[in-house]
Amino acid sequence: MRHTLAQKILQGRTSETITQDGQIVRCKVSLVLANDITAPLAIKSFNKMDADTVFDKDKIALVCDHFTPNKDIDSAEQVKVVREFAKAHNITHYYEGGDCGVEHALLPEIGLVGPGDVVVGADSHTCTYGGLGAFATGMGSTDIAAAMVLGETWFKVPPTIRVVLNGKLPQYVGGKDIILEVIGQLGVSGALYKALEFAGPVVSELSIEQRLCMANMAIEAGGKAGLFPVDAKTLAYAKAAGRTGDVEMVADEGAHYERELVIDCSTLTPRVACPHLPDNVKPVDEVTGVRIDQSIIGSCTNGRIEDMREAAAVLKGRKVAKHVRCIVLPATPSIWKQALKEGLLEIFMDSGCIVGPPTCGPCLGGHMGILAAGERSIATTNRNFKGRMGSLESEVYLSNPAVAAASAIAGEIIHPGKL
Amino acid sequence: MYKGRAHKVGAHIDTDAIIPARFLVTTDTEVLGSNCMEGLEAGWVKRVKKGDIMVAGENFGCGSSREHAPLAIIGAGIPVVVAHSYARIFYRNGFNMGLILLEIGDDVKKIEDGDDLEVDVIKGVIKNITSGDVIKTSPVPPFMQEILDKGGLVNYVKDRKKA
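Line order of the protein sequences matches chains A and B.
Each residue of the first sequence is one higher than the last, beginning at 1 in my numbering.
Each residue of the second sequence is one higher than the last, beginning at 420 in my numbering.
Check before you lean on any hint, since a few could be wrong.
In silico lysine-lysine, DSSO-like type, Cα no more than 30 Å apart, as pairs [as the list claims (entries may be wrong)]: (1) Lys580/B to Lys28/A; (2) Lys555/B to Lys469/B; (3) Lys427/B to Lys386/A; (4) Lys386/A to Lys469/B; (5) Lys80/A to Lys57/A; (6) Lys569/B to Lys57/A; (7) Lys386/A to Lys282/A; (8) Lys468/B to Lys44/A; (9) Lys528/B to Lys386/A.
Keep in mind the hints are simulated off the structure, nothing from the lab.
Could you put together the complete structure from these sequences and hints?
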């Protein structure tokens, strides 16, 4: 059988022969992930399973990134549960302190996930690692507990939608804009139970960071995974992250795809997802002038160093509008440090931004930038569901870092080229 | 057999609507249940009587992987959800938690908010007592039935460990 990327990666981790989409296969997992919100439930299930030990203490990552630094007593209690479990089971990859970052930015950076891996995480944005050619998908806490015990899980082999990216990316248009366009075209349930596989000449032009950003949002179209081929850029990234033994990987010529979606990237302008679903996507020029109260630059979608550079390039020498809070949250300690070295943090602070620690924080209405009724935020995050960032009467618009930075300066949504 | 009043919600109801993230500081089913659907409408759960049935449109449970979402529904006293369709992670979570999820596609239009329903899970039949409509559901996929037969994923894993 000629394999799509999804089929190929799963085949590498199962003893069964994959012959068709929809087939149920049991796969060995390369890494199991949970965070400070989902791990406590997973631990509860783990204990109910009468499990004494985890399958492999080196293949479990517990990253306390959502409500940390602990925002209140209840979240501190939850992290305590995770910490004590990590200690009891001698979990190698436990993070909550100065080495902790937003999970989906942190794990690729330290080489814990990479090409050909099968990764399950109790977090829906686990699909991020598809940017590196890993089959990675989100599950609930009990599925994760099962994987922590057994070292394996079951998957239904997903049909694949092939997304062909043609043309050349214009200025101020990047991975975020492409994926928003894809979600806009597919709809929030357009890829339900399916994998997205990215192909076409633009793929090799995209940096690994842009690929991670795009794979991250596959779930916003309902997707199970968002997959990129493994090329020289991926291998260079994986090697720099300390991995060895990774090899290039592409889908087989003639593999079966359920559908093909072709995007001419040359015609794209920056995209904005308007309230209250990620598929309510419009060109930025159609929402110009929408007043904002807050701008969030960070998250597992756009909190990486290239995103920091993109925002800083727009903010340099300019001031954030008087009534706007512009909050910059570099997603990991090493991104923070690199941004410091490059002088980006100084640019942010000179322009009136608040620079905070790595945390998921405001993206899910946790802390560090919650909205009041009637307030509106532009954000480089991934979801704009009703009430996601605070009050049920607040609104979130999703964009790339340059648009979020430009909008912070203008006090209203604007194309960065029109400042 | 389940009997209860239908509480109808729309399409693409996300997990932030089912249980907003600010309530995710506990794993207690009852506490989560007391805030069920708080992200859709403040005080929504007050209308629910134990045994009532949630009826939803397309892609129910989209968004995050939080297992707190099916737990909040169970905690609210709702044993069964009937929907046009479900988001993938939510569907898997529901089964793992023992929340019964039935998928009926466009037939969901045959149920109005407040209708009295009778659900036979084994036969896969939903009777709308208010309107008289009878709706047949798709059977549970065999691989998920295996997990249900073992009494959920926790027991399934216990069994596998022994093997």
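Hint check:
Among the hinted pairs, Lys580/B with Lys28/A is consistent with the structure: their alpha-carbon atoms are about 15 Å apart, no more than 30 Å. Between the alpha carbons of Lys555/B and Lys469/B the distance comes to roughly 24 Å, so the proposed pair stays at or under 30 Å and holds. Simply put, Lys427/B and Lys386/A have alpha-carbon atoms about 18 Å apart, close enough for the 30 Å limit, and the pair holds. Between Lys386/A and Lys469/B the alpha-carbon distance is near 27 Å, which keeps this suggested pair within the 30 Å criterion.
Simply put, Lys80/A and Lys57/A have alpha-carbon atoms about 19 Å apart, close enough for the 30 Å limit, and the pair holds. Our distance criterion of 30 Å between C-alpha atoms is met by Lys569/B and Lys57/A, whose separation comes to about 28 Å. Restraint check for Lys386/A and Lys282/A: satisfied, since their Cα atoms lie roughly 18 Å apart, inside the 30 Å limit. This hinted pair checks out: Lys468/B and Lys44/A have alpha carbons roughly 28 Å apart, not beyond 30 Å.
Between Lys528/B and Lys386/A the CA atoms are separated by roughly 24 Å; this keeps the pair inside 30 Å, and the hint holds.
Violated hints: none; the structure is consistent with every hint.
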